[in-house]
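Enquirer: With the hints as your guide, set chains B, C, D, E and F with the ligands onto chain A.
Here is what each chain is made of, one letter per residue.
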Amino acid sequence: MCLAVPAKIIERTEFMATVDIGGVTRQVSMMLLPEAAVGDYVLIHAGFAIQAIDEEEAQQTLALFKELEQYAADN
Amino acid sequence: MCLAVPAKIIERTEFMATVDIGGVTRQVSMMLLPEAAVGDYVLIHAGFAIQAIDEEEAQQTLALFKELEQYAADN
Amino acid sequence: MRLTTEETARAARFFAEGIHRLASRPVRLMEVCGTHTVSIFRAGIRQLLPPTVELVSGPGCPVCVTPNEYLDTAIAYSRCSDIIITTFGDMLKVPGSDSSLMAEKAKGADIRIVYSPLESLTIARENPNKKIVFLAVGFETTAPTAAATVLQAEQQGITNFFVLSAHKLVPPALKAILAEPKTKVDGFLLPGHTVTISGLEPYYFVTQEHAIPAVVTGFEALDILQGVYLLLEQISTGKAELVNQYRRVVKPEGNPAARRILDKVYQPDNAVWRGFGVIAGSGLALTAVYQRFDAKAALPLGKVESREPAGCRCGEVLRGLIMPADCPHFGLSCTPEQPVGACMVSVEGACAAWYKYGQGRWSYA
Amino acid sequence: MRLTTEETARAARFFAEGIHRLASRPVRLMEVCGTHTVSIFRAGIRQLLPPTVELVSGPGCPVCVTPNEYLDTAIAYSRCSDIIITTFGDMLKVPGSDSSLMAEKAKGADIRIVYSPLESLTIARENPNKKIVFLAVGFETTAPTAAATVLQAEQQGITNFFVLSAHKLVPPALKAILAEPKTKVDGFLLPGHTVTISGLEPYYFVTQEHAIPAVVTGFEALDILQGVYLLLEQISTGKAELVNQYRRVVKPEGNPAARRILDKVYQPDNAVWRGFGVIAGSGLALTAVYQRFDAKAALPLGKVESREPAGCRCGEVLRGLIMPADCPHFGLSCTPEQPVGACMVSVEGACAAWYKYGQGRWSYA
Amino acid sequence: MPPGINMGKDGGVMHNREERILLGHGSGGRLSHDLIKNIMLPAFANSALAELHDGARLAIGGTQLAFTTDSYVVKPRFFPGGDIGKLAVCGTVNDLAMCGARPLYLSAGFILEEGLPVAELKHIVASMRETALAAGVDIVTGDTKVVEKGAVDGIYINTAGIGIMLPRVDITAKRVKPGQDIIVSGPLGDHAVAVMSERHGLTLPERVISDCAPLNKLIEAMLAEVPQIAMLRDPTRGGLATTLNEIAADAGVGMILEESLMPVRPEVLAVCEILGFDPLYLANEGKVIAIVEKEYSEKVLTIMKQHEFSAAARIIGTVTNQAAGQVALRTTVGGLRLLDMLSGEQLPRIC
Amino acid sequence: MPPGINMGKDGGVMHNREERILLGHGSGGRLSHDLIKNIMLPAFANSALAELHDGARLAIGGTQLAFTTDSYVVKPRFFPGGDIGKLAVCGTVNDLAMCGARPLYLSAGFILEEGLPVAELKHIVASMRETALAAGVDIVTGDTKVVEKGAVDGIYINTAGIGIMLPRVDITAKRVKPGQDIIVSGPLGDHAVAVMSERHGLTLPERVISDCAPLNKLIEAMLAEVPQIAMLRDPTRGGLATTLNEIAADAGVGMILEESLMPVRPEVLAVCEILGFDPLYLANEGKVIAIVEKEYSEKVLTIMKQHEFSAAARIIGTVTNQAAGQVALRTTVGGLRLLDMLSGEQLPRIC
Ligand code: SF4
Ligand code: SF4
Ligand SMILES: [Mg+2]
Ligand SMILES: [Mg+2]
Ligand SMILES: [Mg+2]
Ligand SMILES: [Mg+2]
Ligand SMILES: [Mg+2]
Ligand SMILES: [Mg+2]
Ligand SMILES: [Mg+2]
Ligand SMILES: [Mg+2]
Ligand SMILES: [Mg+2]
Ligand SMILES: [Mg+2]
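Residue numbers (UniProt numbering), protein chains in the order written: chain A, 1 to 75; chain B, 1 to 75; chain C, 1 to 365; chain D, 1 to 365; chain E, 1 to 351; chain F, 1 to 351.
Bound-form chain A, shown alone (with noise of 0.2 Å):
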């Protein structure tokens, strides 16, 4: 339905902004996401910044998943 991948925002201007992706860079359009700032991670979704990604979030999923690993793993 949409693929998009989460970047990093390595430089901004007013409407565009250079993200890398893995490694990869690319320009993407900033006037989805007006706010986003350098450091921020966002969604890229077709050439378009469209949500920024929260980092705290983020890291509460992944820790629930291993989490919930050590738990499989002690059962």
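Just so you know, the hints here were simulated from the structure itself, not pulled from any lab data. A hint or two may mislead.
To be verified - Below, in silico cross-link-like pairs of lysine-lysine (BS3-like), each with a Cα-Cα straight-line distance of 30 Å or less:
1) F:37 with F:122
2) D:296 with E:149
3) B:66 with D:251
Just so it is clear, the structure is predicted and the values come from calculations on it, not from any experiment.
Expert: Leaving out everything else, chains B, C, D, E and F with the ligands in the frame of chain A:
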């Protein structure tokens, strides 16, 4: 200056003719030589018939060359 | 921080075991989104589930639900010598009534694949004597990118850029599915990326009006396994709540900035969905102010004759009423190389995914 | 009736022997026409002549006498994306001030080689959005074909066909040659094909005003040998008459129908000849009625900067003042692959013919 | 039959009623195979061609030879890690090596577009020279055609190659048997990503370049030590998945690969996620798949790891006796998925 | 140095300051030679290539082989007397035969334009099959690439070929010596005229068709009876005149041809007169030039006249010890003219 080849008219409409040039046929414009008829020999240049070839003169030239040839052979 | 392969495998095992434990009675879960369909197959998630848990694909493949009339119109435009079509790669192979964009391209049509709609504007500037028609397909996630592109075109004074809109909205389609008496769905994996834009609000009707549990889900294998797990948890406890599994991306309010741009350029419209017919308010049309960017208005075509492929059961597949393998064409007279319906061509098409990833062909050891 | 090879050889021998007999003192004969130049080399006629008979090339190579300014204008048109150039193949390789049509074609210019100017009209019809500029070069023989094409364009209502005229007339150039004190010509082989159109009348000044014998000559090897023979006959008897060797084609009155068409479309104009400068009344310009087909008037260009190649002695070659091998560039810094002047590129160019057919390189056994 | 749909059997392709060649016919996937099977094989019927190897194995006057050809049409013609000239030598050298031959001689056929800068041609020819030197082959015969502006896109190169078969080896799909290990020489997809990234506005870090390399010396070292190697193939167009499908079909075996062992660089994965591609279908130009009895695989890996072009070689799966002709991938989360042949080309997509 | 003129030494071409490839670089004439001499030979330096024969002569494992390649870009791809497929087989078969080899195996590399009708491809492939059968060669390896619409003009084909050297023969320019006879197998220019006439609005009678034919059986018959033949060459691009110039230069000899003996059909002559071409520079695709000691020429002619593709074979001149590297034509009227190499391509002209 001006390559031109002799051709025989094998078909004619008001403005165009099909000519035979040593076995090869082509469409040429008759605008510059409106009078020529099927069977006539004409000179072709840049896709136009530009002059009628005088068969009698042509034969005479050939005959002359043949004669000279004879003359040279005799001497 | 990243998970190692082992950590991933073990977390997956945890969810799989939990799902087995919870799946005491048969359930039918619908993954609304085609990207979920593909992820499920690519990760081989079906093999981790008990036979009681059936995953059924929904209408979330924009290419699949686009009716032939749209494709035929795009093809008709592509045949005009002064028109350049820009399109996402997704559309190329999809059959219209009697051609496809790929076949037209092979015959000489100027059709350019773009990754972003913005590339259309560069092409428009480089080809001032041509008209650029962008095939604007996609759901809530993609429509704002097309809207932003229209605003850019306006701002840059580009007058040879046009949009052929087939954008669609997911909630009205879900409503249509739920209104169908034959529908049997016990839970929804909701499409994480459309909700990223729309926010949760438009989806509460699923849990509140229909009392069916729903989980907004991400696209990694573990996201999906967790989504299934969370659905089964609700089902086994008789709950019907809207849960957000994909919190790292999906905010309850969605992306209001994107919605403002969308609302500036587009307004809701009725739209035809393949297999559904017209669904009220499920499409997007350019607003009066941006009418001049509307290909259909600005570049009128003669009547385009369209018909849907006879015998194709895409419609039922898209509505979750049958599985692809239930179609008598599947894998026989319908394959990705010789497709009958759009669902066999689109990478996200349910039939294509079932075929490519071996459902019905691969005997799992 | 055709001559056998043997008959031809023996007739040639007759003329050759006659020429040897008549050529008691050194004479310089000018073959005005480039087609004669090429025929002379291709038939190896020079080897049949005694050292006392020198053949010198004249200005009858339309490509050679066309100045760089014309080529540079054609090149400037070829660089316009909405212009298609149609041209005889002769023009392609000729260097302008710093490019050639061939180099422009390699860079992407749309340049089409035509055999007949009429093909330009087909191209014009097939490319209604383009402007077709036909490079109208050539002497009296060719100019009527371009004029007839203009009339056809008018009749067919074609509005995207234009002519860039560099047509030239032979008699004014001959007058210029004869007006030059350094000129030393004892007899003229006159160009059979231009006279085919113009008739004999415009050439009587050669014999009557300058008392130099002249023979209108055909293009077969035997025609040329006979032409030389007929000149020597006159020279040896002190005559200066206009003789028509090419009677099978050339009628005294020429082709009045062709001249009528020519006069309808073109009017005499001053023209620049490479090596000569302006020769009054030696060119052809479109008449007021057909002005709209004139590329220069209809498709104005910015100033075209032109210069002639430094060190090239084409001008003197074309006026019969030096032989190609007298030019210090000849065969060294100037070859057909790396030409300095137009005379080294045109198939009928004197320098090209001397080079290609081995003058100065081949040691005749 | 639904109206407007071509159900024709011979190479019929989607909505292609007038039956025209599509890009997919050159993708190395199923359409390519149909074209070869339905048009080329019946016409040119002979036993050497029917092997459908990377090259033909021939006996001439008592000498065992391998013979192969490829045309190179890569766009852009200069890309990170190489150019069309380097590719034209590597590709043919590698195909000969995959037959179990030592490449000796190449031909080079150039088709040039009028207007091509001579400097580019020189650069490309210099690359060919360098690569031929590195591979130890001679370019002994050639041809150059020039076509009108617009009749070709800059420069295409064909190379054909002759090699002499190495002693004691028999590289053929028929020797692929259940239980054998499947080895790949390094990360997948580098070439495809290096070639296509710029076209899609993606900038790769400098270290990510095409893997384009001549593998003949590596292969010869492997075969010198382990002549028992059953099968070799370079996973070019269509990628690993398509190549293994071909082998599985020819050998009548199944294969199971491990996703967790699949070597793919993070940048390549990123490009795939952005454009919606699958790295297992991306072209490689300096990789080899080796299939070998388990008892020899450690020895093969040891040799491979000593060689610069295969330092990251690893076992990625095994040949099975299940589901003959099919290739499966065991996923990281423990699932199993079919790895089909490529169908049409991969196109960048948003969903 | 005059402004705007490129006097550069390496492949420099007329007013081509940015040094771009011109059509003339592919004409087979002097620009082609400069390109090969200045760019290809120095890069690929090796003794087999340096021979500049129609193919390379190689020894592999004790077997004497010939190896050659050509790309075929003919337009139109269907022409009176053949098509691009027939040409692609004949051309390479003939080049092998000219080396004194028996052609055995061909490769075929197709570059197809997206949108090419499959029916055309089938027709072309069927021609290749038929011609290969007639020539007795197998097409044993191949490759198919498909490029985007507009990136190639329909279809181009490369073939490379391997042959085994015939015993007791040594076909090489170095054996061309003064006093030898120059034989040509039949009328000149048929192929070029068949291919180009339509493009110029000229209609040929049905009997005038391309001479495109595989000559290997003829050549083998000639060499079986007269292994002493010094030199063979097919006068393709650049025609008879250019081919003889190459041989004369390589052999360091002169040549004198007789215009009266030059076989040219009247229709071919007519086309030449119309367009301003010289038939001695037109391409042939089924003709051979044989150079042989006078004592053997009758025997060679006898064999040739028995063969369908050379029934009109005749002696057209002799090798001389004068003017080394140059070729002259004694004209019908008794003059002598230099036959230079082709310079650039021949373009239709009006003067
Ligand atoms: S298998 Fe083919 S025909 Fe059947 S529903 Fe799917 S797309 Fe339609
Ligand atoms: S040889 Fe060259 S430089 Fe000299 S006159 Fe002739 S064209 Fe000019
Ligand atoms: Mg291979
Ligand atoms: Mg190959
Ligand atoms: Mg290969
Ligand atoms: Mg060649
Ligand atoms: Mg091009
Ligand atoms: Mg040859
Ligand atoms: Mg060859
Ligand atoms: Mg050849
Ligand atoms: Mg190949
Ligand atoms: Mg094309």
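Enquirer: Run the distance test for residue 66 (chain B) versus residue 251 (chain D): straight-line Cα separation, threshold 30 Å.
Expert: Satisfied, since the Cα-Cα distance of roughly 23 Å is no more than 30 Å.
Enquirer: Regarding the pair residue 296 (chain D) and residue 149 (chain E), is the alpha-carbon distance no greater than 30 Å?
Expert: Between residue 296 (chain D) and residue 149 (chain E) the Cα gap is close to 27 Å, so the pair holds against 30 Å.
Enquirer: Starting from residue 37 (chain F), check that the Cα of residue 122 (chain F) is at most 30 Å away, please.
Expert: Given that 30 Å is the threshold and the Cα spacing comes to 38 Å, the pair is violated.
Checked against the numbered hints listed earlier, the structure breaks hint 1 alone; every other hint is satisfied.
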